[in-house]
Every structure is written in structure tokens, then in C-alpha cells.
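Colleague: Chains as they are written, first to last, in my numbering: chain X, 1 to 331; chain Y, 1 to 587; chain F, 1 to 337.
A few of these clues could be false.
Said to hold, decoys possible - Taking lysine to any residue pairs in the SDA-like style, the calculated list, with each CA pair at most 20 angstroms apart, reads:
#, chain 1, residue 1, chain 2, residue 2
1, Y, K133, Y, K256
2, Y, K402, Y, Q386
3, Y, K122, Y, K251
4, X, K44, F, I157
5, Y, K512, Y, A499
6, Y, K185, Y, T175
7, X, K91, F, A180
8, Y, K231, F, L113
9, F, K48, Y, T141
10, Y, K231, F, I157
11, Y, K226, F, Y85
12, F, K48, Y, K387
13, Y, K185, F, I104
14, Y, K185, F, I91
15, Y, K185, Y, K256
16, F, K48, Y, T175
17, Y, K204, Y, Q493
18, Y, K185, Y, L171
19, Y, K189, Y, G173
20, Y, K231, F, K61
21, Y, K587, Y, D274
22, Y, K226, Y, T138
23, Y, K231, F, S86
24, Y, K122, Y, D170
25, F, K48, Y, P342
26, Y, K541, Y, T585
27, Y, K387, Y, V516
28, F, K48, Y, E301
29, Y, K143, Y, G58
30, Y, K251, F, S86
31, Y, K417, X, Q187
32, Y, K469, Y, G489
33, Y, K251, F, A180
34, Y, K469, F, A36
35, Y, K231, F, L117
36, Y, K402, Y, Q438
37, Y, K251, F, L117
38, Y, K469, Y, D274
39, Y, K231, F, E194
40, Y, K231, F, A180
Note that these hints are calculated values from the structure, not bench results.
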Amino acid sequence: MTAPQDVTESITEARPEAVVEGMGTQIQGRSLGQIAWRRLRRDKVAIGGGVVIILLILVATFAPLIVELFGHDPLEFHYDQVDPDLQISPKFFGGISPQYPFGVEPVNGRDIFSRIVYGARISLLIAFFATLLAVAVGTVAGIVAGYFGGWIDTLISRTMDVFLAFPILLFALALVGIIPDQAFGLQGDTLRIVLIIVIIGFSSWPYIGRIIRGQTLSLREREFIDAARSLGARTPRILFSELLPNLVAPILVYATLLIPTNILFEAALSFLGVGIRPPTPSWGGMLSDATHWFQIAPNFMVFPGLAIFITVLAFNLFGDGLRDALDPRSR
Amino acid sequence: MRSRRKVVVGALGAVTALVLAACGGGNVASSGGSGNGSGGGTTTDANGVHNPSTQKGGIIRMANSGDWDSLDPADTYYAYAWNFVRLYGRSLVMFKAAPGGQGATLVPDLAQALGVPSDNAKTWTYKLRTGVKFEDGTPVTSKDVKYAVERSLDKTTYPNGPTYFNDSLDLQGYTSPYQDESPDKLGLKAIDTPDDQTIVFHLKSPFSGFDYFAQLPSTIPVPAAKDTGSKYKEHVVSTGPYMFDTNELGKSFTLKRNPNWDPATDPNRTALPDGYSVQLNVNADDIDNRLESGDLDVSVEGTGVQPAAQGKILADAALKANTDSAVVARLWYTAINGDVAPLDNVNCRKAIELAADKTGYQRAYGGATGGDIATNLLPPVIPGSQKFDTYATPNNAGDVDKAKQALAACGQPNGFKTSISYRAERPKEKAVAESLQQSLARAGIQTDLKPFPSNDYFKLYAGKPDFAKSNGLGLMVTGWGADWPDGYGFLAQIVDSRAIRATGGNTNLSVKDPAVDADIDKALQIVDTPTREAVWVDIDKKVMDDAFALPGIWAKGLLYRPPNLTNVFITDGFQMYDYLAMGTTRK
Amino acid sequence: MLVYIVRRLLAAVILLLIVTAATFVIFFVLPRLGGATVDDLASRYVGKSGSQADIHAIAIKLGFTDPIWVQYGRFVAGIFVGADYSTGPTIVHCNAPCLGYSFINQNPVLPDLLDRLPVTLSLAAGAAVLWLIGGVLTGVLSALRRGSVFDRTAMGIALAGVSLPIFFTGLLSLSIFSYALGITAPGGSYTPFEVNPFLWAYDLLLPWITLAFLYAAGYARLTRAGMLDTMGEDFIRTARAKGLPERTVIVKHGLRSALTPILTIFGLDLGLLLGGAILTESTFSLPGIGKYSVDAIVNNDLPKVLGVVLLGSIFIVLANLVVDLLYAVIDPRVRLG
């Protein structure tokens, strides 16, 4: 249901009420965080996902070092690895060898391994910041709509409806296409990355917004809010000191589950040719290039695809585990 | 309970197994080619005509990976469309349906003879054949030709056609027959029709090659009464051997025999098949697969197979036997923009010429199959062209030392920074840009890549001088194919600096040399062909000395011909298979 | 109830106006803010070597010289009362609902769209049947045999399914089943149903399965969670206590209430998909609405883009509406809120 229409599933499946219910069952003496951590620690699969995520972050951070040790410069051409007539590596499966663990790209013979390692940077960077943006906007809009109700709620809810009714992927395509080369004092890759983050962030905030609004609606009538109100607390204080801390758990869960969606969104944009610019490697961009070659050079398609799959799977596993940990009922 | 996710690891394994299964099928030397059993059964005559035959009948099935640019003869500007339009329309003059160089010669079609110049080649007269009729039986007169040219002048209705008549005729302010006050809508003074069989063109300035203009589809007669403007392409009234049977825009169309076409009036067409069917917007890789399997006869664009099919064909001798390599009058090159510092210094431009690795350029276009490395502008297939190499480097791979010397002479001994632009939707141009980035870096020339939308590349970006300048587009990847194979048809649109318009839409991206402009004027005056051709070579040399263009490759197209096609040959007129002579043995 | 429907329909129309207006802004206002002139916008729609005069004539012809709200008004008016277009020699009337003519090739947009719709419709309908059946069945079985090998395997595969992008699975399945094994149609194959139903199904088989796999994964997870939730509710316990057969309890009571949220999401997913399965159609080169819209955007062909956006939004809004109405029928409280 999220932006890249035909690839992602709804995150509504994760029943927000349950999370709140889960929080309601707090036992005195142990904080929610401690309980969740205990549960999470026992969930080996979720931990596995978490370990993969940490590994991916390490790979992205130390990409230059890894490539230095195991690969070649991601931009360097290796014509000697490519048959000048066939345009692909004449060796087994796109030239897989200890030297080129994932083989080489058709035409120019670039090291696919190094490009995938560097591609992790773009994927994670964009997905992380886009999620941050979506969470920030969605949380504020959700709390405000849920707490104040009335016409403010109507306005914000309708705005979210409009966003959800947009064929977002189309808009993203159109928008990225007309963006100039320099704007807002930024240029080149930096500008592209910022724009993609903004576009993805702004198209996914309503999902967070809706959930937070629902949570706020149910929290608003709780005793502790009433108490704060009767003690004369000001509205901002109620919103951010009383309500927000109680929303941290669902925000965390849905942020974790939004990251893989946004990774797929970024890959989709790159696949459709409006992502980051060449020669900077990105997974979706590699898959897009591979559409012309996958019949004769399947390695060019398989490895970037697997990279996306593993990354998204890891985040989904971890997000699932996190949700279960915070909400024992959903097991 | 937790253990339910242990299976995830198993699921991962399943996907991996699928992936490995894919690996098994990824072998290059696959067993392709079994689809057509008679692969080796074709014959070829001395002129290079495959399967010569006079057998009639059958339908030729064609497919286009995009939309047809336009079926309206006034609104079309693609070589394949000009090749194909001869099936349903007769222009005054046409390219002969003959193999190789003969195909680039002009022969009279609707006219009885080639144009007769007078008034120092400022006036051109054609006599029409008698007995030529439209598909409804109405006789074709010179007024129908005049009307057709008139309507082609209207660029708001027909924006895509060439503007040669707009630029060369003495229009005296005439814009369109749709704005024409005269009752017969034939108010254009630049064309006279003294009688029904005679048409006279009056030009602004002398032009020795006017027969090339008379060959344009815009001279295909259009009956004024049937003209529906931008909707005319839904049913073009035929004068050729075939007429439209069905036509679903953007999807497909079919041609059937035109009963009112009289072979006695037409020495140029054999009209072998009973009809044609053309499918539009078919996936390019799918077209290649269907050609191989025999479900399709012709990839109508004639630009050659996709990389995947190329790999399969080159690895399979049986398939390769059914292919032809068309040498195209097209140059893939990179414009070097003298407006952008430090490329305003000729030595910095020369450094680019010397540092670039042209083998990388060739690989980007598919290796030797995609074309030969170009060392100057005029493609060798153009009559009178001459191959020379002003910036020869060992193995065409670039010469870093020489490039550094040029850089030193330019006052940039440590290199400089600039940008390379290319068309975003063209993977080959992207590969060129990436390759140039690598090879120029060897000499210290740092570049960043700037893709722009293909459709607006010339109109808003690279082809718009102030945009290119203010965005620092020092190098602009581009290509140019001749409108017709002669020096003027190839060079005029890419080296004449007076043709550069500030409003954009330019195809000359960088060449600004008054000496070149003067030479062009000189060439247009010269009636003697060899002397004129020598001037075009001079122009070519001047542009290379100025280092305004980095030639990449002279294009070739790997064309696949199913064995059931007869009379298949490549014509130099369009540099692809000729569509007029082709027949089929498939019933 | 009637008031509720009218109110929702009105809201839907307003929503469509906002969405199309936003498209207008993106294509016309944003470039103008970036410094583009009217002629700059028009120069895209002039062929090779157009002169300044030609460009300006095109700008006038396409109406770019009018204020932006006049242009938008013309678009809206075209939908409700039709519009007149010059073909050169004559003026033709484009009947309502008229989505205008392409800037690039002067083809009318609506027939083009309707022409492409069957492809997307076939793709979405076939895949939807597969994923709904496959997903719900798997989910129910998993829930009933919670913790079994089947449950664990199914949920493992489902989790992998929601983590795969279609442009990867699509290429992968094409290279395995179409190119290596040769058992399914290659990319780009499509035969209209009315031409040959068998070929139609054969050509679409791989896109259906690939697309359905991704969705089925999500639906299986949803159904399983929903079933587990419901089966723990009091009314199920009551039903069991009444001595109803287990089969009746599961199907009549459990599944019915677990399916309600599934149907909601199904409506929305189908609506989105009908608006153009951009990635699926790009991957399999199917000539549907999705591919049409990408082409339109690449060509900056605004009337086509507007048409696609409008159509896509209509499907989403309709799906929303149907779902809401169904809810209103099921749960009368909704009507009040």
C-alpha cells in the first residue's frame, strides 16, 4: 500500500492497538524497555536480523576499506575481463572468481562486488533519513490531529487522504525528472540524495500519521492525561511530555518497519531511472541496467537483487521481533 | 513459538536455490538458433541481394519498439519511416530500391525525370507522370503536390517534419494553407503549377542539391478535400502500391494492395507481398526473440538487435549467417563546447581529443559490431568522404603524454574540471560518458556526469547554448545521422554556426568557426560533384583542427533477416534493409 | 445512508480536483518558478529545428500563454462538457469526458487510455484472484496449525515474499522460466482476451504468479494474525460452547470477522494496482497503463500524465469509497462519524 504500489504490503497489519495494549500490561519494577529487551533477546531470528542490519551498517560505513581489501575501485573499468564482441565476461557466470567475487559488469567490466558494497551506502542513507523525516512529520501531524480533534483533525486527516490517493510513484518520477542540477545551494549527487529523501519521506508520513493519530485518540482519554490537564499543564507540555513518551514504542516499531519499505521505494526510483546519478552505484540502478543484459549476464541482475532482498528481509525480521517484544499478544 | 522464524533461514535457502537455477540458464553459448531450420539455406546474388525472387504474395510482418513517429508524410522525420512511406506514397523523386551505393541514387518517381534547374539553380521544374491516381481513382495533379508541400510548412500542425522547405522556399510570409485566403488554398507564390503535370519551385538562394528536397515525403501528393490536418495520419490517401487497411494509432496498422496503383506508371516498385502488418510499441528484446523464432519478419526501425540478442547471435554461427551488418551514415560523437572555460582554449580541446580512449567509445556501442572507431566527422559510407586522423593515438586508446603536453600548452598542466552531459534514457550514451570519465581522468581531466531527459536534450539542455554554458557542459555526448547520404545532408546541421539558435533545439552543439560557415556557402554554389565533395572534406578537416568534436564511432547495425524473406538487401539510401523490394515465401 | 454516500462522493470529487491541480502545478508552475518561460515549455513540443516563431505559435496553440487557472479550468471543462480542438484545417469537438489531445502526437488521450486499460485490468484481476485465494488459504491453514512445520515454512516464505521487489523477482523468474526453461512466455508478450483466451492466460501467467506471490505473502501474514486474534475472542468460545461443529466455528465465525480487514486492504491494493502497475509492467514490458504513464512522463506529455493520474486516483478513491460503504453497511456507527 505504500508508495511503490505493487511491491509493498500494508503496514496496517501490525495492529497498533495491540502495541498500546501491550504497554498497558506493565509490571511494576521493570520498565517497558527492560521487558522488551528480555523478550527480544530470546527471539533468535529477530536478533539474526539485527545482526545483519549491524553488519550492513558496518559494510556501508567501511565500504572503502572493504573494497580496498577484497575488491577493486567501484568506478574502475576492467576491459580485460570483458569480451569486446559479446560485451560480457566470457567466463562462468559473469566472471565470478576470487578476484571478482560477484563477477563483472557487462561492457566496462566494473567489479560488481565493490559496487554492491558502495550501493549499501546509498540505500541505507536514503532509507534511514527518509524514515526519520516521515516519522517526524507523521508523529507531529498524528499527535496534533488526535489530540485536538475537530476541524484540525479533519484538515490533517483529509490531507493524509489526499497523499494516500496520489499515485505517489508517478509523482516521484515527474518531480525528480524536472529538478534542476543546482538548487537550494546544493548540487549534483548531494542534491539528488536530499530530494529523494524528501520525496520518499513526504510520501510515507501519512502511514505513521494515521497510526499515531489512532494511538493519541485512545491515550487522550486516559487518566494520566486528565490528571495532567487538571493540574493545569499547558497543551505543549501534555503533548510532548505526557503523550509522546507513551508513543515511543509504536513509533519505534513502525519506523523499523518503514525502513524496508523505503529501501524498496528508493530501489524502485533508481530502477525507473530517477534515482542517484551514474557512475555512483545503487542497487536499483544496477538492476535497471541489468534489464538489458540479464538474458546473457544473469549475475548482473542476481547480486543487486539479493542485496536488496537480504537487507529488506533483515529489517522486516527485526521489526517483527521488535513488535512482538513490545506486544506479546501478537505472537 | 519463536522457532517459527527459524524457517526463514530455510526460505532464504529456497530463494538461493532459485537463483542458482537461473545461473544454469545464463550460459552465453546457449543453443539458440534451433528456431529456424533453414538458416543456411539462403542464397545471395553478386550485388548482395539475399534470396532474389519475383514470387508474389504473403504478408510481411513488422514490429516497432516505439510508436511510429507519424504516418503523415508531412510530419515524419525518421529514416525507417521515409523508407517505409514509399510503400503508400509517391514523392517527386525517390531513393532507388537497389542494394548498396546504388540505393543512395535518386530516381524520378512521381516526376518523369529529375529536376531541371534554371536561374542559376534557384528555380527547379518537375514534370509529373500521367496516369498516376489516388487510391480512390482520382488522378494526381501537380496541385496536389503543391498542396502537400504547403501544408508541410505549417509547423504548429506538423511539428515533427523537416523544415527544408520552410528554410529554402521564397515564402514571402506564407505560413499555412489553413491560413490561406485564396479559395483553392494554393496561395503560395514560391510554387507554380502552370498545368496539371508541371510544378515549379522558386528558392531564396541557389541550391544545387534540390532533388534531395524533392525526395522528402512532404512532396507526396495530398488531396486537399481529404486533408484532415493532424488527423490525416489516421487515414493517409495512398498513391503507392499499398493503402491502409486498418490503422489503430499507437498499436498497429496493416496495408493492403491499392487497386488504383498502376505498375505501368511506376518503374521503381515490384510490390511483391500482398500486404504488410506493423505492430507498434513492442518490447525491443521481444522483437529480437520473435525474429529468431520466425514469428516476425522485420524489426522496422532497422537500427540493429539489442545487446542480449547480439551476444546470442555472435556466439552462434547459424544465427550469424542470417545477419547483415549495415554501415550507417551516422556518427556517434561528443561535442566539445568552446563556450565553457577552459575549453575556449583550443589546446584544452585538443587535450580531450588526445586523452580519450576511443576503444571505450566503441565498446559502449557494442564493440566492432556496433561500429568502427571514427577519426573524423564524415562517415565513410557518404560519397566523397575521406578518412583522416588529426589526433592519432596508439590503438585509438588515447595518449596521456601528448594530452598532458596539450594541457600544458593550454595553461592547465594539472588538468581541469568539466561536465559530461548525455541522454538519460540511452544506456549506450551513459556507457560512453562513464568511459570518457575514466579515460580523461588519466590526463588529470576530472568530469562529472549529467544525464538529461532524452526528449528535451536538444530543446532545453545541451542544444540550448546559454543552458549548456551556464551549466558548464564542456562535453556533450550526442550523435548525428545524415538526412540523406551526401556532405550537405550530413554536415550542414552540425557544423554551420549560423544555424545555432538561442532558443534551443540545435543539433550543432559546439562548432563555431566562420571559416567553416564560409566553406559551406562555397559548397552550395558548386555544381560539379567531385569539387563540391572536396570542399565538404575540407570542412571536416577544419572542424577537427578546431577540436570542436570528439568523433566516437561510425555506426553499424546488426540486422537479422529471417530466411523466409526474399530480395533482402541493405540500401545506402537509408542504411537499413530496403522495404520496397522485399518479398516473403511464407504464405 | 444516502446523505452519507452523497457526502463521500462529494469529498471524492474534491479529492480528484486537488490531485489533478497538483499535477498541473508540478508540470506548469514549478518549472515557471524555476525561471522557464512559456516558450521554453512549448519548445518541447516543437520538432527538430523549430524557429522562434514556430515555438511561439505552438505555445499559443497549446494554450500556454493563458493564465494557469484558465488552463486548468479548460482541462476540467473538457471533462464535463467536452472541448474543441484545431486539427489544422478544421475544428473537431472532443465529447465529454474529454481528456484532451497529446502534446506530442496529437492523439486523443481517453481512447489511448481505454485501449491500455484491458492489459492492466487483466494483470491486476488475474493476480488478485491468485493472491487472494493463495494468501488467505495459507493464512488460515497456518493459523489453524500454528507452530507446525507448514506454518513455519509458509510464514518463512511469506516473510521472504514481502521483502522482494517485483523488478527483481520478475527478472529472475523471466530468466528461469521464460529464457532458461522456456515454459512461460517471454517478456513483452500480451494477447488480448478476445483474440485468444488461452494465449492470453499463457502470456500473463508469469506476471500473475510473480505479482501474486508478493501480495499473497502479505495477505497470508495478515490472515494468520487476524485468525489467531479472532479465534481467541469470547464469541468463538461461546460458539464452541454452544457445541457448534469446529468447521462451522472456523468458517462462519472465525474467518468472517478475520476477513473484514483483509477486504479493506484488498480494495485499496486493487485500486492502486489498477491505476497502473508501473513496476510490474516495466519489468515484464506489458503495454498497460503503468508503462503508458512512464512514457508520458518521460515525454513530458502533460495531457497523458493528467489522464493517467486522474484514472489512477479515480480507482483509489472508488476503492476507498466501496470499502467505506461496505463498512457503513456492516457497522452503522461509522455513518455517524
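Colleague: Now tell me if each hint is right for this structure.
Modeller: Hint check:
1. About 16 angstroms separates the Cα atoms of Y:K133 and Y:K256, which keeps this hinted pair within 20 angstroms; it holds.
2. Restraint check for Y:K402 and Y:Q386: the C-alpha separation of about 25 angstroms exceeds 20 angstroms, so the hint is violated.
3. Of the supplied pair hints, the one linking Y:K122 and Y:K251 is violated, its CA atoms being roughly 43 angstroms apart against a limit of 20 angstroms.
4. Proximity of X:K44 to F:I157 is assessed by CA-CA distance (about 18 angstroms); at most 20 angstroms being required, the pair is judged to hold.
5. For the suggested pair Y:K512 and Y:A499, the alpha carbons sit about 10 angstroms apart, so the restraint of at most 20 angstroms is met.
6. For a cut-off of 20 angstroms, the pair hint linking Y:K185 to Y:T175 stands: about 12 angstroms separates their Cα positions.
7. For the proposed pair X:K91 and F:A180, the alpha carbon gap of about 18 angstroms is at most 20 angstroms, so the pair holds.
8. Distance check on the hinted pair: Y:K231 and F:L113 sit about 18 angstroms apart at the alpha-carbon level, within 20 angstroms; holds.
9. Restraint check for F:K48 and Y:T141: the C-alpha separation of about 30 angstroms exceeds 20 angstroms, so the hint is violated.
10. Straight-line distance between C-alpha atoms of Y:K231 and F:I157 comes to about 53 angstroms, which puts the hinted pair past the 20 angstroms bound.
11. Note on Y:K226 and F:Y85: the hinted pairing holds, with a Cα-Cα distance of about 18 angstroms set against a maximum of 20 angstroms.
12. Pair hint F:K48 plus Y:K387 does not hold up; C-alpha atoms about 29 angstroms apart against a cutoff of 20 angstroms.
13. Taking the CA atoms of Y:K185 and F:I104, the gap is near 27 angstroms; set against the 20 angstroms cutoff, the hint is violated.
14. For the proposed pair Y:K185 and F:I91, the alpha carbon gap of about 17 angstroms is at most 20 angstroms, so the pair holds.
15. Taken as a hint, the Y:K185 and Y:K256 pair is broken in the structure, with Cα atoms around 31 angstroms apart against an allowance of 20 angstroms.
16. Among the hinted pairs, F:K48 with Y:T175 is consistent with the structure: their alpha-carbon atoms are about 18 angstroms apart, no more than 20 angstroms.
17. The straight-line distance between the Cα atoms of Y:K204 and Y:Q493 is roughly 19 angstroms, inside the 20 angstroms bound, and the hint therefore holds.
18. At roughly 15 angstroms between alpha-carbon atoms, Y:K185 and Y:L171 fall within 20 angstroms of each other, so this suggested pair holds.
19. For a cut-off of 20 angstroms, the pair hint linking Y:K189 to Y:G173 stands: about 10 angstroms separates their Cα positions.
20. Between Y:K231 and F:K61 the alpha-carbon distance is near 16 angstroms, which keeps this suggested pair within the 20 angstroms criterion.
21. A threshold of 20 angstroms between alpha carbons decides the hint, and for Y:K587 with Y:D274 the separation of about 10 angstroms falls inside it, so the pair holds.
22. Restraint check for Y:K226 and Y:T138: the C-alpha separation of about 12 angstroms stays at or below 20 angstroms, so the hint holds.
23. Of the pairs offered as hints, the one joining Y:K231 and F:S86 holds, with about 10 angstroms between alpha carbons and a cut-off of 20 angstroms not exceeded.
24. Taking the CA atoms of Y:K122 and Y:D170, the gap is near 10 angstroms; set against the 20 angstroms cutoff, the hint holds.
25. Note on F:K48 and Y:P342: the hinted pairing is violated, with a Cα-Cα distance of about 30 angstroms set against a maximum of 20 angstroms.
26. Taken as a hint, the Y:K541 and Y:T585 pair is broken in the structure, with Cα atoms around 48 angstroms apart against an allowance of 20 angstroms.
27. Note on Y:K387 and Y:V516: the hinted pairing holds, with a Cα-Cα distance of about 18 angstroms set against a maximum of 20 angstroms.
28. For the proposed pair F:K48 and Y:E301, the alpha carbon gap of about 19 angstroms is at most 20 angstroms, so the pair holds.
29. For the hint linking Y:K143 to Y:G58, the alpha-carbon distance of about 36 angstroms lies beyond 20 angstroms, and the restraint is violated.
30. Under the criterion of a C-alpha separation no larger than 20 angstroms, the hint pairing Y:K251 with F:S86 is inconsistent with the structure, at around 24 angstroms.
31. As the CA atoms of Y:K417 and X:Q187 are separated by approximately 15 angstroms, the hinted pair is consistent with the 20 angstroms bound.
32. Proximity of Y:K469 to Y:G489 is assessed by CA-CA distance (about 28 angstroms); at most 20 angstroms being required, the pair is judged violated.
33. A distance of roughly 30 angstroms separates the Cα atoms of Y:K251 and F:A180; the hinted pair therefore is violated under the 20 angstroms criterion.
34. With a C-alpha separation of about 16 angstroms, the suggested pair Y:K469 and F:A36 falls inside the 20 angstroms cut-off, and the hint holds.
35. Taken as a hint, the Y:K231 and F:L117 pair is broken in the structure, with Cα atoms around 23 angstroms apart against an allowance of 20 angstroms.
36. For the hint pairing Y:K402 with Y:Q438, the CA-to-CA distance comes to about 17 angstroms; that is within 20 angstroms, so the pair holds.
37. Among the hinted pairs, Y:K251 with F:L117 is consistent with the structure: their alpha-carbon atoms are about 13 angstroms apart, no more than 20 angstroms.
38. Restraint check for Y:K469 and Y:D274: not satisfied, since their Cα atoms lie roughly 54 angstroms apart, outside the 20 angstroms limit.
39. Between Y:K231 and F:E194 the CA atoms are separated by roughly 28 angstroms; this puts the pair beyond 20 angstroms, and the hint is violated.
40. The straight-line distance between the Cα atoms of Y:K231 and F:A180 is roughly 45 angstroms, outside the 20 angstroms bound, and the hint therefore fails.
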